[in-house]
Each structure stands twice: as C-alpha cells, then as structure tokens.
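There are 2 protein chains.
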Amino acid sequence: MTAVQPVGLWGIFELTLNGSDSGNPFLDVRFSARFTHEEGAVEVAGFYDGNGVYRVRFMPEELGDWTYVTRSNVPELDGKTGRFTCAAPGEGNHGPVRVHDTFHFAYADETPYYQVGTTCYAWTHQGDTLEEQTLRTLRTAPFNKMRMCVFPKAYVYNENEPELYPFARDGDGWDFTRFSPEFFRHFERRVADLMDLGIEADIILLHPYDRWGFAKMDSESDDRYLRYAVARLAAYRNVWWSLANEFDFTAGSQEGDMEKSDNKRMADWDRFFQIVQEHDPYGHLRSIHNGRVWYDHSKPWVTHASVQSGWHVEDFGRAPSLREKYGKPIVFDEVVYEGNIEHGWGNLSPREMVHRFWVGTVGGCYVGHGETYLHPEDILWWSKGGVLHGQSPPRIAFLRRLIEQGPPRGFEPVDWGGDVEGAAKGDEYALIYFGNDQPGSHTLRVPAGNRYHVEIIDTWEMTTSQVEGTFSGEFTVSLPTKPGLAVRLMKAE
Amino acid sequence: MTAVQPVGLWGIFELTLNGSDSGNPFLDVRFSARFTHEEGAVEVAGFYDGNGVYRVRFMPEELGDWTYVTRSNVPELDGKTGRFTCAAPGEGNHGPVRVHDTFHFAYADETPYYQVGTTCYAWTHQGDTLEEQTLRTLRTAPFNKMRMCVFPKAYVYNENEPELYPFARDGDGWDFTRFSPEFFRHFERRVADLMDLGIEADIILLHPYDRWGFAKMDSESDDRYLRYAVARLAAYRNVWWSLANEFDFTAGSQEGDMEKSDNKRMADWDRFFQIVQEHDPYGHLRSIHNGRVWYDHSKPWVTHASVQSGWHVEDFGRAPSLREKYGKPIVFDEVVYEGNIEHGWGNLSPREMVHRFWVGTVGGCYVGHGETYLHPEDILWWSKGGVLHGQSPPRIAFLRRLIEQGPPRGFEPVDWGGDVEGAAKGDEYALIYFGNDQPGSHTLRVPAGNRYHVEIIDTWEMTTSQVEGTFSGEFTVSLPTKPGLAVRLMKAE
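These protein sequence lines are chains A and B, in that order. Counting from 1, one number per residue, gives the positions in the first sequence under the numbering used here. Counting from 494, one number per residue, gives the positions in the second sequence under the numbering used here.
What the hints contain is simulated information worked out from the structure, not anything from laboratory work. All figures in this text were calculated on a predicted structure; none of them were measured in a lab. Each hint should be verified, as a subset may be incorrect.
Claimed, not checked - Computed spacing ranges between beta-carbons, pair by pair:
1. B:G820 with A:G317: 45 to 53 Å
2. A:G317 with B:P901: 40 to 48 Å
3. B:R894 with A:T102: 39 to 47 Å
4. A:R265 with B:E921: 48 to 56 Å
5. A:G469 with B:D755: 52 to 60 Å
6. A:S441 with B:T578: 57 to 65 Å
To be verified - Stretch-level coverage of chain B by chain A, calculated; a stretch enters the list once three of its residues show a Cβ under 8 Å from a Cβ in chain A:
7. 822-835
8. 925-934
Said to hold, decoys possible - Quick list of in silico lysine to aspartate or glutamate cross-link-like pairs, DMTMM-like style, CA-CA up to 25 Å:
9. B:K975 with A:D458
10. B:K975 with A:D315
11. B:K975 with B:E954
For every residue, glycine included, the Cβ atom is placed at its ideal position computed from N, Cα and C.
Build out the structure end to end from the sequences listed, making use of the hints.
Structure below.
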C-alpha cells in the first residue's frame, strides 16, 4: 500500500501501473479500480495509455480517506492497493456542474452556474500556437462553457488535417481497435486548460463532419471508443458529455431518414447514452445536439436539452415552451452564429446575437455563442478558435454580470410587464426585456407589497441607469425610444 | 337639354337639381341618372345634399359624347336630360386603380401603380389646421395611398370629439335616417385633396372604435349608410373601398365570437360587400381589414387582400404564401407601426419598419406604413396625421424609387439567391434582399444566357453602389458586413 499526497476534492487522483505492451492491450486487458470511502465505494474503469502504461483516473467526491484496489485480467495489474486523502478543494474549484432547481445548473458546492457557452468545434486540432491563442482569448472572454469535438472536423473552412488522429494507422486506413494515446493526452490537456480557466468542456463525442471514417465506424468500435473516452476524461470535473453534434446528420444526408440509415439509428444513440451513463462514475451532464431531427430530451439519461434552434430565441414566448416540454434545463447551444459567411447559419449581426441571448435568458433558459467571420486563413472562431472578431462578446459579458448579480439562483419567466418578456429570481430581482421594440414607456406590475429599485438597461451600449425613487404595484417607466432596452428591478430593503 | 363644359376622362361630372326639403328626403326620395355613351349605359345613384339640393355624380370612363336622363319618384327630379363631352384626362390623371397581372395594380391607363400606403385613420376629423398640415406633409411623403375612416374614431390617443358628425342629431342621440351633408362634403373635399396629390383614398366604411353608436347601427341603417357613401364618393377616381378596419372587433370584444355577436356577423360583411359592389358603377377596389379573424379574401367580391399581419413580413417565405392562398394582390396594410407607444402594435423601430417593407416587396406583395410616436397633444400620425417624426419614410421613398425603376410591371418572387429572398420583373430587373443577416458575400444564380449589372444597395443608408463589370450564370458578390443590404440586378443590353 502506497501513501500519496492529498488530492483536493473534485481533483484527480491518478494511479499509474506498468504492464505489458504485447498483443493489443486496448482489447485484451481489462483494468479497473475500486475506490472506497466510509460513505461508499466507486468502481472506476482504467485505460491503456501506450508503452505498457496503464492508468486509472478518479475524481473523489468525498473528503477524507480513500483506499483502492485494482482489478484486472492481467496479474501484474490486479489487486494493487493504495490510499490517499481527499482534502479541501483548491481555490476556484466548485466541483462538477449538476442540474439544480429543475431548469438550472449549480456546481457541486451549490454555487450557481449560469451557462454562457461558446463553440470552437475543432480547436484542439489546430496545433499548439493557435490552441494557446484560443486559451488566451478565453481568459478574458465571457464564456464558461466550450463546445468541442473529440474527433477532427472536415467541413467548409475546415480543410486542414489535424496534427494528431484518435486511432492508430492501419495502412491507408485506421485500426479502430487501437487508440492513439498521444491524441487523447493532447485532448485531455486542453480539457484541463479549460478547467484551469473555470470553463466547462462540453465534449462532443461523435459528429458527422468527417472525411476519415470516424463517423462511420461499426457499432463495436463506436462503443469501445465511448468507453475509452469516458475512462480517460470523466475524472475532469469540468466535463459535460454531448453525445453528438447534429446527431441526425450522421444518418448519411441532411434529409436522411434515420430509421433507414445504414449508419447510426435512433436506437444507437440511446445505447450510446446508456454506455456513457454506465461508465461515468460521476454522472456528468449528458445531452445531444440536433440537426433537423430532435432527440427526445425527455428520455431519462438526458440531463438537459442541448438545442440547435434560432427560432426559439428570435422572439418572445418560444423558449419557455421547451422548459414545459422537457422539464429540464434548456441550453440553446446553437442559435446561428455571429458572422458574415454566406451560409444562413453563420451571418447573424452582433445585435441579433445579443438579442437572442436576452430572449433566451428572460425565457429562463441558457444560450450559447459562436462566431463565423470570414478569415483569410479560414480561422473561424466557431471551429478553430483564435481570437474573437465580433461585437457580441462584450455585450454577452455585460449580460452575464447582470445574471450573476442578485440572488444565487436561476431566472424563472415572469409576467410583470405585459407585451414584453421578463424573468425573475423569486420576487427579489428581475430583468424585463423589450427586444427589438422601442416603447417610449412601459407599465410594469410587480408583486404586491414589495418596493423595487428600477434601472434602465441598454443591452447594446452596456449601460444601466437608475430611475429615481422606489416603485410598487403598477407603475410606468419612461424609456428612451430605441431597440434593445431592458429594465432591471431589484427589491428595495 | 343643357350642354356643359367638357369633363376629363375619369373626372367628375356632377348634375345638381333643386327639389323639396320637406319630409325626409334621405328616405323618401329616390333619385338616379342613366348616363349613355355609344359604348353603353351606366346607372348612377344620386344623393340628397341638404337644403333641397339633389346631386348625381358620375365618373366617365369613355371619351366622347355622353347623354343622361334622370329618374326619380319625385316629378321635379325625374326625366331631366342633358349631355356633355368627355375629353382627354388632365395631366397626372391615370384613372382609377385596378387589379393588374393577378397580384398587382395598375391605373386604368395601364400605368403601373405600386402601392406604398400609409394610415391616418381619423385625419379628416381634426379640423382644417391639422388637416391642411397633413396634406402638406403628404405632398413630399412617399405614400400613394391613405387608409382613412369615414366615421370618427374613439380610442386611445383619440379622445377629442370630431368637428362634424355623419348623422343629424336626435336629442342626445342620432337620427340614422338623416345624414349630415356638411360632414360628407368635408370628407369628400379631403378625398379630392388626396386625388390632387395623386394619393389613393382607401376609405374605411365601418370600424369598431366608436363611442357614438356608429359601429352598432341596425342593419337597415348600415345598408342605407353604405348606399349613401357610395353614391357620394364613387365618382372620385382615387377611391378604394375598405369595408372595415378590424372588422371582427365589431362583434363586441376582441375575443368575440362573430357568429354569436348581436352586432355584425360574417353574413353582414358579405352583404355589405355586395351592396358596395352593386352600387359602385366603376368597380373600385374592395377589401376588408382584419383584427384576429381573417375575412376570406377568396370571396368573389374581394379584389385584393388587405392584411393586418406583422408576422408575414418579419421574415422570408411567409408573404408569398398569401399570394398562393388568395390568387389576388396582397397588401399588408398594417404590419405594426413605427413608433414608441407602449402598445405592441405601435413600437416598431424604423429599421424594422423598413425591413418589413423590403420583405413584403421581395415577396411580390405590398406594404403599408403607419407611425405612432408619442406626442404631447396626442397627435399621432397613425390616426390624426400632422407631420411625420419617424425615420422610415425616407427609406420607404428610396425603396419606392427602386420599385418604380425597371420595367413597368410588378415584382414576382424569384429564387436567384438561395438563403435570401428576391423578386424580379421578368428576367430584366431584380431586387435580392438579405434582411437582418450580414453575409460578407453571396452567390447568385441568374437566368441563363443573360448578363446583369449588379448594384449593392444599403436599404438604411439609401445608397447604391455599382459592382464593376457584368455578370452571368452563377457568381459571388462581395458585400459589406452589415444588416439591411440588397442587391439590384439589371439586365445588360
């Protein structure tokens, strides 16, 4: 039994054992460890990391003493024991994000997590120079979630080969039974980089934009890949699982009938969810992102709805309908990107991107950003990262600050303002948004018996201006005649 | 037989006879004239104009000699004959507007009429000072149609009493059997003022916004009023008939079930249309404007659809569906007004108003303007006229100039640009509109064998800039990255 340095709560304990590199350890060797605490035990799958090295990674969720014992079909990896102490988490470590209050999220320590996502699908496949630039950009950007694919991407503006591939070469093709440890070590490092920045990694396990064959593996290879990815990645507390980007487009064509596909059918996606759920000891968040066909987010293994839809956040009254439909947090991960490419999915004006963030927010939902400005070297943020060129991120940062102010809980839609839409945190704090209309005044009706401070917010200029006095019952607020205004109400003591 | 000065084609010949003022001439006296030309005869109802004066007004639609003979149940008005010559129309007189090419309009002389409407519901009830200001405004405004109510209006921002009422007083109420000739003479003068400005008068015969009882007359009074209004007004060539504004709201409440109403039911509206159609010798345009319930514009007496709907012109693909549905011209007479009032129907930004004009235009339809900016004396253009305060009218004027350029025919929707929407006049002239998106480039596919000049249009800045060269087949146009752009294509000789 070996004693090691204490591990912080929700940190990573990693056990490394040396074994044999002969045969195909990815197929031949079963290796796991059972971690035991007075509160219970956790079974954790290990993984082969190449060159005879076997690892098991574990994220302790209880303070105090842990012991472990390994299990393997290979004698030199079996029955190894050890112990470690789980100490207080380091600063800024609030644990993994969980669903909280039905429609919202919180870290494991109950600190609210207000999702403000962005997307750089293939940023980990661009080489260190660009990847490090992306990380520098994220350091000052408003985003606390990154949607990113494990596999490289082949698509318009994505013609470059990745530096690394997830599988070993086999002649001109790939040996799907042999993973590339180097590839996954690199990917994990980027997940850890995001963790250090306080950014959740929404890991997209599969996607259709592929020219290498990774989107069309057989079922056995798909399943093995999912188990391997989960074994390597689940111990990173900032991991979310996105089963796929535009999962339905893997059926072969955008119009494809999934049930006639000879690639992945709906039942395959159900099975993938179940594999991830079964092999992830920590119950990280799980969802799946749609193209035209929506996955049924009411299925029990879906923790929250990851939605591609601009329509639901273009205007009022639509986003809340999805809360009612699914009874889970709604994250609009793709609402069309700010940019200027020719494709309709990538030429939102910055004002419209900001508008969609506000519409989603006052609908009690969460929105994600993306950016697709043409670039001479095809470095579009939406896929490769780099630097941000758009005008929406500072306005999204402004909105994030407003969301984070007030009581530590999520917004619920409220009808305090008639024709417009608003959301409140209880009766203490509300945002009422006027959208693209430009009323010169608006009448509000606040909960009886309370008095409120009123501020007028310009969502584009990022200003707040307090109206003198406090207000109760029904009252009319004068507004400057322009689109993109909101009112913030804060309960007076 | 009396010979008189020649009357211009589509001008007004008015015959005045003196008779008795005793009893109730509105009820008791039947008076009409039959006008005969070598091409045929026209039966025209006369009307009592008070103080023993009886008139019949006639708009000749054929050049050359006309004779007439009166008919009446009163001897002194019966059998009067006369003749006049119909001469060439005066300058700027193109005759009444008719439906042309299924979805469009043209004047009787086949000059195209591209409807660019506005609305001042109650402008003729505001007294001469304000009414003359409205006319001065219209002189330089881009509008060629005015929607206006016969009856005064009682509604928010419309609290003032009119100077004149359409009926004679009867104690505290009204004698619906006695019209006020003074009221109608005033109203007619305003219709003539618009005619002089080249503006069509879309006369709204009935409406629900009433505190005097004019919206709740019995059927006999409704029918008598319609006949009287048509007898007085039909000879003005710029008249269009709008049976009502928000006809369904006359049922008593905005949620009212028309078929349970004790006021006007759907069959009443059908009858009103038939009365107007039967009594108008010239077949002026006829439609009706909806609140929540739409009238069935496919009924045979409806010449074009007068639509209240912002939704159909908010985004692409919606307006053309109404062309398919009705097979008639589609006029979006109310798409929400530019303004800053609290009500959702009156706080469009000017950009959004301009956007809706463009969306309707490239959908092969026509759009109407309205303006509702708060005013210290409640003089909102949408109802009372006055001066324009908004920023959309110059942009609407710019669009009107673009529409009027190119071949003399209406726009038909075309798919020359993929994700965006455009309309063309044959293969000679097209406008492709990018809406609120901001593509940095766009690929167009123009009809085979033709070459085009290409201009980039900024719909807000009102600029056009020609792209060097001519283009054919499929080609990509670079665009500045901003919303509200269009491309104009003109066939090169």
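Numbers of the earlier hints that this structure fails to satisfy, in rising order = When the structure is compared with the hints, numbers 1, 3 and 5 turn out to be violated.
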